[in-house]
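Chemist: Given chain A, put chain B in place with the hints provided.
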Amino acid sequence: MRRETLINTVLTLGLLAVPLAAWAMDEPYTITLATKVVILALAGVGLNLALGLGGLVSLGHAMFFGIGGYAAGILASHAQSYDPIMEWPFLIEGTQSMPVIWLLAIVVSALVALATGALSLRTSGVYFIMITLAFGQMFYYFTISWPAYGGEDGLSIYVRDRFPGLNTLDPMHFFGLCFALLMLGLFIVARISRSGFGLALNAARQNEARVRAVGIEPYRLRLIAFVISGAITGLAGALYADLNRFVSPVMFSWQTSGEIMIFVILGGVARLFGPVAGAALFIILEEVLGGVSDYWHIYLGALLLIVVLFARGGLIGLLAGRNGGGGHD
Amino acid sequence: MDLVLLIEQLLNGLQFGVMLFLMAAGLTLIFGVMGLINLAHGSLYMVGAFAAAAVASATGSFTLALIASLAAAAIAGVIVEMVVIRRLYDRDHLDQVLATFALILIFSEGTRWVFGSFPLYLDVPSALSGAVDLPFGISYPAYRLAIIGIGFVVAFGLFLLITRTRIGMRIRAGESDREMIAALGVNIAVLYTAVFALGAALAGFAGALVGAIQSVQVGMGEPVLILAFVTIVIGGIGSIRGAFVGALLVGLTDTMGRVLLPVLFGAFMNPSAATSIGSALASMSIYILMAAILLFKPTGLYGSA
Chain A
1 MRRETLINTV LTLGLLAVPL AAWAMDEPYT ITLATKVVIL ALAGVGLNLA
51 LGLGGLVSLG HAMFFGIGGY AAGILASHAQ SYDPIMEWPF LIEGTQSMPV
101 IWLLAIVVSA LVALATGALS LRTSGVYFIM ITLAFGQMFY YFTISWPAYG
151 GEDGLSIYVR DRFPGLNTLD PMHFFGLCFA LLMLGLFIVA RISRSGFGLA
201 LNAARQNEAR VRAVGIEPYR LRLIAFVISG AITGLAGALY ADLNRFVSPV
251 MFSWQTSGEI MIFVILGGVA RLFGPVAGAA LFIILEEVLG GVSDYWHIYL
301 GALLLIVVLF ARGGLIGLLA GRNGGGGHD
Chain B
1 MDLVLLIEQL LNGLQFGVML FLMAAGLTLI FGVMGLINLA HGSLYMVGAF
51 AAAAVASATG SFTLALIASL AAAAIAGVIV EMVVIRRLYD RDHLDQVLAT
101 FALILIFSEG TRWVFGSFPL YLDVPSALSG AVDLPFGISY PAYRLAIIGI
151 GFVVAFGLFL LITRTRIGMR IRAGESDREM IAALGVNIAV LYTAVFALGA
201 ALAGFAGALV GAIQSVQVGM GEPVLILAFV TIVIGGIGSI RGAFVGALLV
251 GLTDTMGRVL LPVLFGAFMN PSAATSIGSA LASMSIYILM AAILLFKPTG
301 LYGSA
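Those protein sequence lines, which keep their order, are chains A and B. The first sequence maps to residues 1 to 329 in the UniProt record's numbering. The second sequence maps to residues 1 to 305 in the UniProt record's numbering.
The following block holds chain A by itself, in its conformation from the complex:
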């Protein structure tokens, strides 16, 4: 067994064992923390597809996270008030059913990723970073100044949305649901990275000219990757809204984009389980350092600086060594 596979297995089992132990000891707060790790990891898994495999440094993934969140928030708020979203030309009502919300979150995120990606991918390098940031900011300011859904104050989801056959109000049930989706997301990304499409995408990151020379158009590969990436992060946003039972423009802020990127980097860019390790480390740090000092961001900043300057493979790179994984150059 490769060391990275071993680490991935340990991470998965650990992520399952912690909430199970907390459940046995009746500590719902720990289960909620584990759920947060799982959801943020899923957001990172989405970004990692664009960033790690495609080399697309998107500083606008909060856009998809927020869209997912607002998809959940808006549908639930209409369902709560029994006020249909639109009556003409056909009736659309709000819903509290998770599968419907997820579907909407994925579809809308994918469409927005298609539109913004088609424009952004015309640029590259710094311009790409900045234009994705700009698209994220557009959504941020739009939600702040659009009064219909709470504006700056955000929206509350009074009762967590429902999933057929499960009691989502039970933290353990909700955790299991999120965990299953994370595993599904990881499985999809793993399959993509081993597929012909994934190999071509990886090749386009490493050497665009050669990929072009064999007759593959990098633009299309990147656009498809960006769309899938946005859709996965959007799904995570919908789950995050249900975890907090609250959505606000903060989900769209560029700091959120930065944090999703931090999960990916802390864990290890282009490592399949990198975002999982990164999100877990981030939440553990937040809990531990946040308890020690109100100013825990200083330590987080210092740690991040050290990882970027000296430990470039992230946590998984540190544990598994450089070879293996399609490391980021």
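Each hint should be verified, as a subset may be incorrect.
Simulated coverage check for chain B against chain A, where a stretch passes if three residues somewhere in it have a Cβ under 8 Å from a Cβ of chain A [what the hints assert, rightly or not]: (1) 14 to 27; (2) 95 to 109; (3) 226 to 233.
No wet-lab data here; the hints were simulated from the structure. Nothing here was measured: the structure is a model prediction, and the numbers come from that model. We treat Cβ as the ideally placed atom computed from N, Cα and C, and that holds for glycine.
Modeler: Positioned in the frame of chain A, the structure of chain B alone reads:
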């Protein structure tokens, strides 16, 4: 909409644009010469504002406060460059974004630690506290007018520095071929530190000037930072002229959009819907402008491919 209000808003837009230029000039120089994306530029703006507020409350002198903002931001810039930034020059953009994002966290929380979470206030100097009467019966705050003047003077000075002096020549040479000027005996490490310190000082200076209009608080740098990035992307990264044009475009678009769009929508909608749609669109207007410009010129107005 009367003419007086319109001219007032134009002046506001100009003042905003000029401030953005002070931020954007440093960013674009640092990117042009060193190839570095510096997200922590907003933190240097904040450092300048806090230094000015602290010195102003200790001495009561606005001039000393401005000098303090320049000095504090430049010193912070030199320290950051020597400890962290110079390790990032030959890294890719992803590493630069993350390391400077980490610096933002450290700067913001550090400032909160030292000064607390409450905003500080910096008073407009008494000599400039009144309003000035302009033609057409317009009365405009003297301080904002002074900012516009200072901005144009700094822009002109920067232009002279880059095009007419030996150090400017070296900076331009560093932009086009860093190995070559190193081979010609220019100490490239010192040049880079100097450029970074210059950019930092400009940012700190902008922070102090704006600090007297708005409150001085942790996190004040980030909104301006994003706008400054929009500015240099519109102008073309690395171009001072582009930064100037971009800054005025962004400043005017943002300010005029906020005034004109609600009025425009009010022409064919009920007032409350017009206000909310107008202000929502106005807050997005500069990002729409940026996306539109990048569509036609993917490297900005004055950028080279």
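Chemist: Determine for every hint whether it applies to the structure shown.
Modeler: Against the structure, the hints come out as follows:
Under the rule that three or more residues need a Cβ within less than 8 Å of chain A, the assignment of the stretch 14 to 27 of chain B is violated, with 0 such residues. With a cut-off of 8 Å between beta carbons, the stretch 95 to 109 of chain B has 12 residues touching chain A; three or more are needed, and the interface restraint holds. Look at the stretch 226 to 233 of chain B against chain A: 4 of its residues bring a Cβ nearer than 8 Å to a Cβ of that chain, three or more, so the hint holds.
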